[in-house]
Amino acid sequence: KQEVTQIPAALSVPEGENLVLNCSFTDSAIYNLQWFRQDPGKGLTSLLLIQSSQREQTSGRLNASLDKSSGRSTLYIAASQPGDSATYLCAVSDSGGYQKVTFGTGTKLQVIP
Amino acid sequence: GAGVSQSPSNKVTEKGKDVELRCDPISGHTALYWYRQRLGQGLEFLIYFQGNSAPDKSGLPSDRFSAERTGESVSTLTIQRTQQEDSAVYLCASSLIAGYLGELFFGEGSRLTVL
Chain A
1 KQEVTQIPAA LSVPEGENLV LNCSFTDSAI YNLQWFRQDP GKGLTSLLLI QSSQREQTSG
61 RLNASLDKSS GRSTLYIAAS QPGDSATYLC AVSDSGGYQK VTFGTGTKLQ VIP
Chain B
1 GAGVSQSPSN KVTEKGKDVE LRCDPISGHT ALYWYRQRLG QGLEFLIYFQ GNSAPDKSGL
61 PSDRFSAERT GESVSTLTIQ RTQQEDSAVY LCASSLIAGY LGELFFGEGS RLTVL
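So the sequences go chain by chain: A and B. My numbering puts the first residue of the first sequence at 1, with every later residue one more than the last. My numbering puts the first residue of the second sequence at 1, with every later residue one more than the last.
The shape of chain A in the complex, shown without the other chains (with noise of 0.2 Å):
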């Protein structure tokens, strides 16, 4: 059974600083992982998907880098700024012809003017 993990539960920095997040899965035959941001109340918004075969994926001051063997996955988040602060929440996908994704717990960032 996959199991998603990721510390630290809870971060503060000050705005500006560059900051990761990690999550690491058990089960290292996955399909794909997904990072999300959740905000107060909403539902999640896709911030980055690596494929299995692929090593890190960017977007903006975001880059996400997967390790599969070793089951883990870190988020980068360059210069935070406060609209930075929500749960991120990272998502494996298994491998094989029936995709069962498994969320972790999530990481709440909160980024100090």
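Everything labelled a hint here was simulated from the structure, so no lab data went into it. Predicted, not measured: the structure shown is a model, and the values here were computed from it. Where a beta carbon is used, it is the ideal one built from N, C-alpha and C, also for glycine. Possibly wrong hints are sitting among the right ones.
[Stated by the list, open to error] Okay, the calculated bits of chain A under chain B, using three or more residues with CB under 8 Å as the criterion:
(1) 25–36
(2) 87–95
(3) 106–113
[What the hints assert, rightly or not] Selected chain B positions facing chain A (Cβ under 10 Å, derived; list incomplete):
(4) V4
(5) Y35
(6) Q37
(7) G42
(8) S58
(9) L60
(10) E85
(11) C92
(12) A93
(13) F106
(14) G109
Following the hints, put chain B in place on chain A, whose structure we already have.
The following block gives chain B in isolation, referenced to the frame of chain A:
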């Protein structure tokens, strides 16, 4: 529509009543997921539909919960004889399995409060 649409956005009901939640996925998306998120908790998988294949119902917490989807269109999640523990946000997501993605797109959720 442009995104995943869920209705109602908010539902308050009395214990013991039945409720029906609706999800309208992105057009052309073959896969549809339902998740439950209790206050301050992570996402709990409920059910998964993929085209005309048999759905994976392994996450449904009890036989009070059921879901249907006809082909690749709208899905409804029904909760019978609601209990206070059913209070949560119910999130729906869809994805285009074929080709590049498998990327999940979420709706805004349906917030259910059982009094």
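* To do: Return the numbers of the hints above that this structure violates; sort them in rising order.
  => 3, 9 and 10
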